[in-house]
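A.B. asks: Spelled out from the first residue to the last, the chains are:
There are 2 protein chains.
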Amino acid sequence: MSDVGEIDLADPRAVRRAIRQGSFRDFTNHVAPGYVQGNLVILPRAYAEDFETYCRANAQALPILGRSEPGSPHIPALAEDLDLRTDVGEYMVFRDGEHVATPDGIGDLWRDDLVAFVLGCSFSFEAMLLAHGVRLRHLDEGNVSAMYVTDIDTVPVGPFAGKLVVSMRALTPSDAISATIISDRYPQYHGRPVSIGLPSAIGITDLAASYGGHGLTRLEAGEIPVFWACGATGQIAARAARLPLCITHHKAHMVITDLPVVPAHG
Amino acid sequence: MSDVGEIDLADPRAVRRAIRQGSFRDFTNHVAPGYVQGNLVILPRAYAEDFETYCRANAQALPILGRSEPGSPHIPALAEDLDLRTDVGEYMVFRDGEHVATPDGIGDLWRDDLVAFVLGCSFSFEAMLLAHGVRLRHLDEGNVSAMYVTDIDTVPVGPFAGKLVVSMRALTPSDAISATIISDRYPQYHGRPVSIGLPSAIGITDLAASYGGHGLTRLEAGEIPVFWACGATGQIAARAARLPLCITHHKAHMVITDLPVVPAHG
Numbered sequence: 001m002s003d004v005g006e007i008d009l010a011d012p013r014a015v016r017r018a019i020r021q022g023s024f025r026d027f028t029n030h031v032a033p034g035y036v037q038g039n040l041v042i043l044p045r046a047y048a049e050d051f052e053t054y055c056r057a058n059a060q061a062l063p064i065l066g067r068s069e070p071g072s073p074h075i076p077a078l079a080e081d082l083d084l085r086t087d088v089g090e091y092m093v094f095r096d097g098e099h100v101a102t103p104d105g106i107g108d109l110w111r112d113d114l115v116a117f118v119l120g121c122s123f124s125f126e127a128m129l130l131a132h133g134v135r136l137r138h139l140d141e142g143n144v145s146a147m148y149v150t151d152i153d154t155v156p157v158g159p160f161a162g163k164l165v166v167s168m169r170a171l172t173p174s175d176a177i178s179a180t181i182i183s184d185r186y187p188q189y190h191g192r193p194v195s196i197g198l199p200s201a202i203g204i205t206d207l208a209a210s211y212g213g214h215g216l217t218r219l220e221a222g223e224i225p226v227f228w229a230c231g232a233t234g235q236i237a238a239r240a241a242r243l244p245l246c247i248t249h250h251k252a253h254m255v256i257t258d259l260p261v262v263p264a265h266g
Numbered sequence: 001m002s003d004v005g006e007i008d009l010a011d012p013r014a015v016r017r018a019i020r021q022g023s024f025r026d027f028t029n030h031v032a033p034g035y036v037q038g039n040l041v042i043l044p045r046a047y048a049e050d051f052e053t054y055c056r057a058n059a060q061a062l063p064i065l066g067r068s069e070p071g072s073p074h075i076p077a078l079a080e081d082l083d084l085r086t087d088v089g090e091y092m093v094f095r096d097g098e099h100v101a102t103p104d105g106i107g108d109l110w111r112d113d114l115v116a117f118v119l120g121c122s123f124s125f126e127a128m129l130l131a132h133g134v135r136l137r138h139l140d141e142g143n144v145s146a147m148y149v150t151d152i153d154t155v156p157v158g159p160f161a162g163k164l165v166v167s168m169r170a171l172t173p174s175d176a177i178s179a180t181i182i183s184d185r186y187p188q189y190h191g192r193p194v195s196i197g198l199p200s201a202i203g204i205t206d207l208a209a210s211y212g213g214h215g216l217t218r219l220e221a222g223e224i225p226v227f228w229a230c231g232a233t234g235q236i237a238a239r240a241a242r243l244p245l246c247i248t249h250h251k252a253h254m255v256i257t258d259l260p261v262v263p264a265h266g
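If you read the protein sequences in the order shown, they are chains C and F. With our numbering applied, the first sequence covers 1 to 266. With our numbering applied, the second sequence covers 1 to 266.
These are computed hints drawn from the structure, not numbers from a lab. Check each hint, because a few of them may be wrong.
[What the hints assert, rightly or not] Here are the simulated lysine to any residue pairs, SDA-like style, with alpha carbons at most 20 Å apart:
| no. | chain 1 | residue 1 | chain 2 | residue 2 |
| --- | --- | --- | --- | --- |
| 1 | F | 251 | F | 214 |
| 2 | C | 163 | F | 258 |
| 3 | F | 163 | F | 207 |
| 4 | F | 163 | C | 174 |
| 5 | C | 251 | C | 92 |
| 6 | F | 163 | F | 222 |
[Unchecked claim] Partial chain C-side listing against chain F, Cβ under 7 Å, derived:
| no. | residue |
| --- | --- |
| 7 | 70 |
| 8 | 72 |
| 9 | 133 |
| 10 | 136 |
| 11 | 176 |
| 12 | 177 |
| 13 | 203 |
| 14 | 210 |
| 15 | 212 |
Everything numeric in this text was worked out from a predicted model, so none of it was measured. Quick reminder that beta carbons are idealized off the backbone N, C-alpha and C, glycines included.
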């Protein structure tokens, strides 16, 4: 069991507490394996119905794991103690679509009309891939999966629209086959890949130019790129909608839940 | 329902009868969709136990669908009327490993000590891929899937050894993902692919140089190659064993059974 100082990094509740107290600020892709992690999108109640419909219309990218009651920063179904004002390591604050801050807490921004959405994240199935012997080189190298904005349009709803964002993992062909089959069992965290092998087929012209500028952006010999739908699709759409206020997690600082990762089938 | 003259090409019994009577001599990949087709390997009883063990040790390539009693050219479990001396369109005859003839019947070669094996073939799941919307360009072009000898060693048993043979289909990335997931449900006909995207990863240096010289051997823009284990692996191993007599089907002239194609799971 891994730990940093006093933090039991295998325990989702312990990691949330450490984030809340400021003692854990790292990416979350290597902690609490076997527990579901999610993307965070917080917006005013006036836009919540359209956003939920947008998520349901683009469910491979934006599977809804939970939605808070208006004004509540809690979603007890995801974790009893979860406080979405403090339990994410870094947030992004957007006003009228402009990124204005990257705070480590949003208690001072919270309002009675805010609604929080937690959306599925592929970090959730990475532990399952490892358990099946798939090598995730980006984890070995202390990195996170790279993201790219594709040329695939999402289904627009109300003010929400935009391109599909994908996460990429560089895999051997046989690991790519295993990962395709395994991830298909987890539709609540994006399921099967959306593309494989040919970045140009989805409008990616340069693997080095990732969205957010992180992740493995070069293939080694014997690797092919495998692309999964990514919850960052929701961040792009919310930003493009130029809402007066929108708050999201900052890259790879996800919401950690107490839900075990379980397959939907197979 | 397709037919050529009087032959109902959707009916496996009708196709067998037409082959037996000499009125059907085409490749079998486009007939009797939804029914299992198989590779044929016939060899003397003295080698049958080792060959069965070899097949079981390399089951992804050589899943055993049926085995005849010594001296019997029938396997009623596959089709009541099946006669393996006449019901394959073209045979290959090997003596001491040398290819000596390609007859359209083997009644004159049959002996009381011969044992026939019918081994799974990926033609069986092609109809399932089509049903799920996967485009198989080689079928549109009246072709069969290309085969290649890889650099992957099979598990040797007795005199039987050799490299894994694969069949290749040229697919779009999204069809490659679907085909990977669908074929995984059919382990009795090779199951999931063995490789994808990078021919060099399995020792294929030139897609134009296919085993048997047929199939689509060039990719179009937007396609990636997907490789499945192939029953021709058994033909190569039986030939390399230099048995005094060995008889197989000739490429793409498969044994057509009355068994419906059914998934093993999912």
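A.B. asks: Now, for every hint given, state plainly whether the structure supports it.
C.D. replies: Evaluation of the provided hints:
no. : hint          : in the structure
1   : F/251 - F/214 : holds, 9 Å
2   : C/163 - F/258 : violated, 48 Å
3   : F/163 - F/207 : holds, 17 Å
4   : F/163 - C/174 : holds, 17 Å
5   : C/251 - C/92  : holds, 9 Å
6   : F/163 - F/222 : violated, 30 Å
7   : 70            : violated, 39 Å
8   : 72            : violated, 39 Å
9   : 133           : violated, 14 Å
10  : 136           : violated, 17 Å
11  : 176           : holds, 6 Å
12  : 177           : holds, 5 Å
13  : 203           : violated, 12 Å
14  : 210           : violated, 19 Å
15  : 212           : violated, 23 Å
Of the numbered hints given earlier, the model fails hints 2, 6, 7, 8, 9, 10, 13, 14, 15; all others are met.
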